[in-house]
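Respectively, the protein sequence lines represent chains A and B.
Okay, so the first sequence: first residue is 1444 according to this note's numbering, each after it adds one.
Okay, so the second sequence: first residue is 6 according to this note's numbering, each after it adds one.
These are calculated hints, taken from the structure and not from any lab test.
Just to be clear, a hint being listed does not mean it is correct.
Straight-line Cα separation of at most 20 angstroms, SDA-like style, residue types lysine to any residue; simulated pairs [to be verified]:
id: 1; chain 1: A; residue 1: K1547; chain 2: B; residue 2: G113
id: 2; chain 1: A; residue 1: K1547; chain 2: B; residue 2: Q42
id: 3; chain 1: B; residue 1: K58; chain 2: B; residue 2: Y36
id: 4; chain 1: A; residue 1: K1512; chain 2: A; residue 2: P1555
id: 5; chain 1: A; residue 1: K1542; chain 2: B; residue 2: G63
id: 6; chain 1: A; residue 1: K1446; chain 2: B; residue 2: L50
id: 7; chain 1: A; residue 1: K1446; chain 2: A; residue 2: Y1475
Owing to the predicted nature of the structure, the values given are computational and were not obtained by experimental measurement.
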Amino acid sequence: LAKTTQPISMDSYEGQEVNITCSHNNIATNDYITWYQQFPSQGPRFIIQGYKTKVTNEVASLFIPADRKSSTLSLPRVSLSDTAVYYCLVGDIGNRDDKIIFGKGTRLHILP
Amino acid sequence: DAGITQSPRHKVTETGTPVTLRCHQTENHRYMYWYRQDPGHGLRLIHYSYGVKDTDKGEVSDGYSVSRSKTEDFLLTLESATSSQTSVYFCAISDLDRDNTEAFFGQGTRLTVV
């Protein structure tokens, strides 16, 4: 399993774009990159997943450079409700032995 | 929301007693997971299952056992609870194929061992 490294915490202000970068230097060829969001007292929730280049959905964008050794989750125009912990995961989707392992995540705090 | 229910939602138990937490799903997903979450540690995988009667250990499996006799139910048992097992426990389900890669989590069970 590729180990991931994320900032422990980040602060930002309402209305700004927030970028959270995750390093995964040992990512394997078959590995996908997945981001989850967790609010206090709730289970994590899937945000976005990608393999290479850029993926965008209604919630966020995920930027993956050509070497895939890092990825950046971009949250456009954040609000107070985006305050949460964000987890970056790397693994081989579809491989039974590749367990879903979480790191410590990035605690994002949005200020008014 | 995915049909996943954890029970009980809260439990207080005494050291040395057995405790069983239940995870029930109505999505017919193949994979089921048990995690614990403690301050400063994030989510840690305890055990997981990739089918009926097929289970495997995760990162922190000591002191825990699991059983999956039906697709929809995944039980986590603490054979003899200890104070270090006080935590919030989350169950998750997934199909983990390339067209359906999302994992869905339950609301959690807060367990206190006194």
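Right, here's what the structure says about each hint:
1. K1547(A) - G113(B): holds, 18 angstroms
2. K1547(A) - Q42(B): holds, 10 angstroms
3. K58(B) - Y36(B): holds, 11 angstroms
4. K1512(A) - P1555(A): Roughly 33 angstroms separates the two Cα atoms, so the pair is violated.
5. K1542(A) - G63(B): holds, 8 angstroms
6. K1446(A) - L50(B): holds, 15 angstroms
7. K1446(A) - Y1475(A): Holds, at about 13 angstroms.
Of the hints listed earlier, the one the structure fails to meet is number 4.
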